[in-house]
Structures are given as structure tokens and as C-alpha cells.
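**Q** So the protein lines, in turn, are chains A and B.
So the mapping is simple: the working numbering equals the position in the first sequence, first residue as 1, plus 496.
So the mapping is simple: the working numbering equals the position in the second sequence, first residue as 1, plus 33.
Hints in this document: simulated from the structure, not taken from any laboratory.
Positions of the beta carbon are idealized from the N, C-alpha and C atoms, including for glycine.
All clues given are correct.
Some but not every residue of chain A turned toward chain B, in silico, with C-beta under 7 Å:
1) Y659
2) T666
3) N941
Chain residues, written in single-letter form:
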Amino acid sequence: MLAPAFALGDVYDISVDRVTINTGEFEKEGIGYNGSSPGPVLRFKEGEDVTINVTNNLDEPTSIHWHGLILPFQMDGVPDISFVGIAPGETFTYEFPIVQTGTFWFHSHTGFQEPNGAYGAIVIEPEGREPFRYDRDYVVQLTDQHPHSGDRIMRNLKMMPDYYNRQQQTVGDFFEDVADEGFQAALADRMAWGDMRMMSSDVEDVQGFTALINGEGPEQNWTGLFKPGERIRLRFINSSAMTYFDIRIPGLEMTVVQADGNNVQPVKVGEFRIAVAETFDVIVQPKEDRAYTIFAESMGRSGYARGTLAPRQNMVAEVPELREPPELTMADMSGMPGMDHSNMEGMDHSNMKGMDHSNTEGMDHSNMKGMDHSNMEGMDHSNMGQGMSADSAGPSDPFYAEGSGLTPEAFNGGKFLSYADLRAQNPLYEDREPTREIELRLTGNMERYIWSINGVKYEDADPIRLQYGERVRFKLVNETMMSHPMHLHGMWSILDVGAGKWNPIKHTVSVAPGTTVYMETEVDAEGQWAFHCHLSYHADAGMFRKVVVEGGPGDEGWSEPTSAAQASTVKGSDS
Amino acid sequence: MRKKMLKVTASSLLLPALFTGSVLAQENTLAEKEPNVFYGLQMEELEYRYSDTDKELGVWNGDAFIGTDELKFRWITEGEYVLEERAFETLENQFVLQKPLWDFFDIKAGVRFDTPEGPNRTYGLIGLAGLAPYWFEVDTNFYVSEKGDTSFDVDIEYELLLTNYLILTPSADIDVAFSSDEEAGVGSGLSSTELGARLSYDLIDRAFSPYVGVVYERLYGKTEDFANEHGEDADGWFLTVGAKLLF
Chain A
497 MLAPAFALGD VYDISVDRVT INTGEFEKEG IGYNGSSPGP VLRFKEGEDV TINVTNNLDE
557 PTSIHWHGLI LPFQMDGVPD ISFVGIAPGE TFTYEFPIVQ TGTFWFHSHT GFQEPNGAYG
617 AIVIEPEGRE PFRYDRDYVV QLTDQHPHSG DRIMRNLKMM PDYYNRQQQT VGDFFEDVAD
677 EGFQAALADR MAWGDMRMMS SDVEDVQGFT ALINGEGPEQ NWTGLFKPGE RIRLRFINSS
737 AMTYFDIRIP GLEMTVVQAD GNNVQPVKVG EFRIAVAETF DVIVQPKEDR AYTIFAESMG
797 RSGYARGTLA PRQNMVAEVP ELREPPELTM ADMSGMPGMD HSNMEGMDHS NMKGMDHSNT
857 EGMDHSNMKG MDHSNMEGMD HSNMGQGMSA DSAGPSDPFY AEGSGLTPEA FNGGKFLSYA
917 DLRAQNPLYE DREPTREIEL RLTGNMERYI WSINGVKYED ADPIRLQYGE RVRFKLVNET
977 MMSHPMHLHG MWSILDVGAG KWNPIKHTVS VAPGTTVYME TEVDAEGQWA FHCHLSYHAD
1037 AGMFRKVVVE GGPGDEGWSE PTSAAQASTV KGSDS
Chain B
34 MRKKMLKVTA SSLLLPALFT GSVLAQENTL AEKEPNVFYG LQMEELEYRY SDTDKELGVW
94 NGDAFIGTDE LKFRWITEGE YVLEERAFET LENQFVLQKP LWDFFDIKAG VRFDTPEGPN
154 RTYGLIGLAG LAPYWFEVDT NFYVSEKGDT SFDVDIEYEL LLTNYLILTP SADIDVAFSS
214 DEEAGVGSGL SSTELGARLS YDLIDRAFSP YVGVVYERLY GKTEDFANEH GEDADGWFLT
274 VGAKLLF
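Here chain A stands alone, though its shape is the one from the complex (with noise of 0.2 Å):
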């Protein structure tokens, strides 16, 4: 482009498409953006008004969701808050300024187009320095592939919620437990889960899917070059419909340096988990000249995404085994309402599977299942600092309930990142007190597959109305057994690690289950947005709100866009 930097930046054209997708274990038809699944990556510049027109192709109608960018909520992509989507054979302009920089990514927001392949990465090189220094830069955008289409498998779980676990416990497994833990523990164990009709095995609801990178799956194993001794940044994006993964590059340490497209005070780590819609950008300095494997499990170690980083074409490094599947314990179970563990009839907690007495009152640490001390050298105790309570002898995070079945270890002993590690590098907002709190419980009904929040699905819920100008704290109490990774659009959210003014700031936070986590946001976009679960098909079937922010600079005012207004919008905002 010869544009001069005062003009408009560059003009970008997407084209949406029905594509063939190849995992290499199956193949389907999806959805895709000029031409291929995943689209192009998308490099914008800090500072460039961008231009991009969007073509139908489907004979349906679609739309472009900028995940994370700050930009005017006409802009945001979401069918039926911030515009009316985009018609088949119609073409839609977007023209926003690009004010942020990072690793970011594009997806449908119609329908489950996006499970279905239509996702994108977006890169934002900043104006100035990054305040890290790299040789090469690799986007790494992980996606969950499933051979039945979005809709198919929203249908199967509404008939039956456990249609894609196959990771229930069986008859062997019980007689495994009995011989483990006496007939009477396994017994209260299985008890305890049949009395809430609940399972400790729900992880994942959808499983069955091929763990794609950048489009590729485990045998057809994307590579990346690298020169040994080169720092290799990689930006990692978790584009999955449903899958969570942890990520380790066996041989290299990695150093996080930018969580959902901003700085952070870097962090080393042997292995970090990827919400679904996060992203985490990486540096790895591999040394030597040979192959390593990045190797992405599913948190319910249902699937990985496998690549590679080698000196040259074609070389591969070992691929890790799955580890054994989590599961649940009661302490997960702990945000549910009327959950009184002292009311529970039948259940021997000195017996119960997967519960860590060592968390609860006692501490004891030779009961520490799981917990091998033997493999804990090599844990840098420095960098475990900050979030950890002074008092707490061993690696607890306070993301994760008490005991918690689903809290990350290491698998080289080494560091396992937590969101309590994360530090601005330069925060992005004054320190204030927030001007009110609002409690939002996660909440559902897995017999049901109903999602909701407060109890309340979408459908039936009113918009929650905030002021232009104010700083909520949100409250997110998760009441339900399943992560869910809680996405507000148009403004940032604080996540509160306890670090002041060096929290963190995020566009997706990850809420586990039985665990409360506090997210503050400077209310200083106006307009309607969305804020829901990143799970597609817990947002579907309810766990979504329409957020409305009143009173802003503009306000005499904005009014809801119509396909009207917003041609007018378009035209015009640049004149």
C-alpha cells in the first residue's frame, strides 16, 4: 500500500465459504474464510484505521466478531446486539481504528458457524518497541474439529447430555476403586455422584473432536523452522468450540509474555492451560539442533493438537502419551447451591476418591494424592510468588476450588502457570475503586443442558445496564461442575489476582468450577455488547447476556443500530 499514514490504513476483503475441511482422521464441510479453515491471519498496525469488506458466500447469514479489539460496538460483529448480520450475497464494511496491539482472532458470531471452521487470527504490531526481543513469530491457533456439524451436536446434547462422553466410569472402574479403596469407599463415592444425578467424569461435554493447529492435525503435524539458538515467539490461540488444553513443549521452557493480546510481566512455565478464546503469547529458545513437540491435551485428555518446532522440514520429536483423564471431586461441586456436604447421607469423606485432605482442614501432606515431591526440584519457588498465600507450604492456586479435581500439575514437575502469575506490564488504567459490584452466578442444568446465568437463559433475561464512566466489579460465582470461559466484548476486564494496579487485563476469563473470581471493567465504551460463555454450546443454550452501556459522550445518543442506520454509519464515519 502507498497510502500515506494519515490516510485510511489498508483495505482487507474476506470472503465467507463453505470449505472442505481434512484433519487428517476426517474429512467435513465447514465453513471458512477465503476459501480455507482456518482464514487468513489478519496483521494489522497499532494506529491504522482499518477497512475490511466482508462477502457472503453462504447461503445463510453470517457475520465477523473481532474477538477482543476495542472498537465502536457497530463494529462488533454480534448479530441482533451491535448489527443485523450480514445477508447471503451481501457484503458488509467494517472501518475501525486499530488502537491496541497483540495476538487476537476473528470468528462468526451467527449460528454455530464457528465450530464449524469459520475463524480467523489477527496480529496487531505495535507502533512502537515490543519490550521483548524475538527472532521469529509463529501463530499457533489451536480449534477442536468434530466430524458432526454444530447444529447436530447441539441437538444430541439436548436429547442426551452425555451423548459425546465416553469417559464414564464403568463397572471396572468401580471394581478398580473397591480393590483401591475398599467396597464401602467406592461405594459412598458412587452414591455421592448418583444422589446429585451428577458426574465426576464431566469434564468435557463434547469429546470425539481432532485437535487441529493452524488447520492441521496430529498426524499432518504443522512445523515451525527455527535456527537453534533463535528466540521463537508464539502466539497462541485457543479457536476451539469446547476444548480447554494444556500446553508443554517437552525440552523447552516458555516464557509467557502476553496473556489475551496483552503485556505481562514475563513468567517461566513448563506448561500453561488455554481457556477456550484465550491467547497466550510464548517465547522458546531451543538450542539445539533437533525437533521439539508442541504438544497441546485436552483438559479432559479426550484429544491433543500436536506440532512441531524442528531446524528443518519433516524431522519430528517424540509425542508425549495422553495423561490420565481428571476427574471431578466434590470440592468442585462446592459452589453449587444447597450443596451442604454436612447433610450428605452415605458419604465417608475420609474415603472420598480424588479429595484432597491435605486442602481441607487438616493438611496433611503425606495424604497428597497425585502429588509426588519427589519431581518438585526444579520449581523455581520465585516465580511461584505473588498470588500464593505466604502460609501455603504447597502449590495451591486460588483459581481452583480447594482440592479441586481439575487443578493443573505440571508434567515435568516444573511451573504450571496460573492466572495468579499474571502481572500488567504497564497498566492500562488508573488503580480506582470500583463504583458497585454485580454478582453474576454461573449457573445450569447439565440433565437438562440448560446454561444460564443467574439461573436466567438469555432468551428470558433482561440486558445488564451499565453507566458510561463507571468501574464494575463483577462477582462471577461459578455454581455449576464445568469451566466456563466468561468473554465480555467492547471493554477490558480487569481480572483481580490481587495485584492492584498490575492486575491483569483480559477479554476472556476463565471461572472454574466451585471457585469465585472478581473481573473489574472501566465502563468506557457505549453501546450494546455481549458477554457470555466462550463454550459455544453453553452460549447457545443460554449463558449469554446483552450488555447496555447508558450515558456515554455520544449519548444524545446512539441509538440501536438498524440496517439503516448502520449503512449510514459505515459511510459516514469516515467523511
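For chain A, the structure is supplied; the task is to place chain B on it using the hints.
**A** The following block gives chain B in isolation, referenced to the frame of chain A:
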């Protein structure tokens, strides 16, 4: 205002397409979310039965539904077809509306039409269906016939996972009548039970699960007497081969 209109749309769940696109688009405002409408077809049993007296039956028990989380319309059908006689020993169709009542249980209300080889009957019914603690699937109904006879039935099922694909499903169906309907061959009191155990394998997802099993049917009291008068057996063992379907 808009909300109210959408509520009407929501309740007309069988015809949502007539409303959504056209009306709201013309208004040129942003619609709020419509309730999701789902549909499904399930054959819990679709099987061939071979009795200890060489009787051969085709038997099915399934349902189809359409609706939202709040309200479903369900067509439940079951029957036994005697292959030699080419006759329906039983043929029962229910048309019910079903609504959540508690977290794990729905209430149903509707009509049932019995149209076997013998006399036809029409019933009004009200029932409960859901998941009881410890994972027992329970379905129970109370019926009033056109003649004023009352009865109830309860079906209980449990899935025992031998593996995550090989599943043993014991089941019990119990019928109780509060008054006799001699013409229909039902006597008052406990009238019949059917106990089954089916070993299924999920061959294609959960959509097609072939199985083998055994079934024991038994009639009691006056119902047994009525059967004997017609020269029918009061009890019998069956071997069965079939498949569960879920679409």
C-alpha cells in the same frame, strides 16, 4: 413491548419460522434471541422377540419430539406385532405436551389411543418422566379411559456401563389397574409386568446401538384369568434381538 411479542412467538413453538424472519426484519430493529427449538427421534426398543412357545413378535417402543426447553410436544408409540397372525397384539400411541416440573423431572399430559386387534380405547393421561437419584430413568403415567376406568404404569430403566460402549440395560415395566376393563382384557390390581435385560453396543455414536436381550412378561390376577379364557399364556420368556436408535 417487543419482549411481549416475542413471548407469543415462543409459545407458538411449532411455527416459529413464520414469525422470526419476516415480522421482526420489517420492524428494522434488533431482535432478541428466540428460544431454540429442538426435535428428535428415539427408538428405545426396536426388536424381534422369539418366545419359549415359538411365538414371534415384532416389538417397538419409541418417541419423537419437537419443542423448546420449556415445552415439548411428544409422540410416544409402542406396540407388539404377532408375526404369524399379522396382527397387533398391542398398539399404543400417546400424544403429550411435556414441561419441566423440577430440575430432573418433567410433567406430561395428553391422550393415548390403543388400537390393537381387540377393542380400541382412548385415555387421558398425566405423567412424570425424568431421572431419579442414582441414575434411574423413570417414566410413570396415570390414565383415565373413555369408560372411566383408571390405571397407572411405571417404567424404570438403568444403564450399567460394562465399558463406555458396551452397556447392559435392565428394565422393569409395571401396569396397575384400579378397575377392571374386561373387554380390553385388564383386571383390577397389578395387571402385568415386563422385565428385560438388554446388552447393547454403541456401534455408530449413540445413533445406532444393536443389542441382544431377554424379556420376561407376566400377567396377574384377573388379567391373567382373562388371558387364560382367550387361550393365551399368562407368562412367557423371550429372546430378543434389536437396536436402539437415536436421531
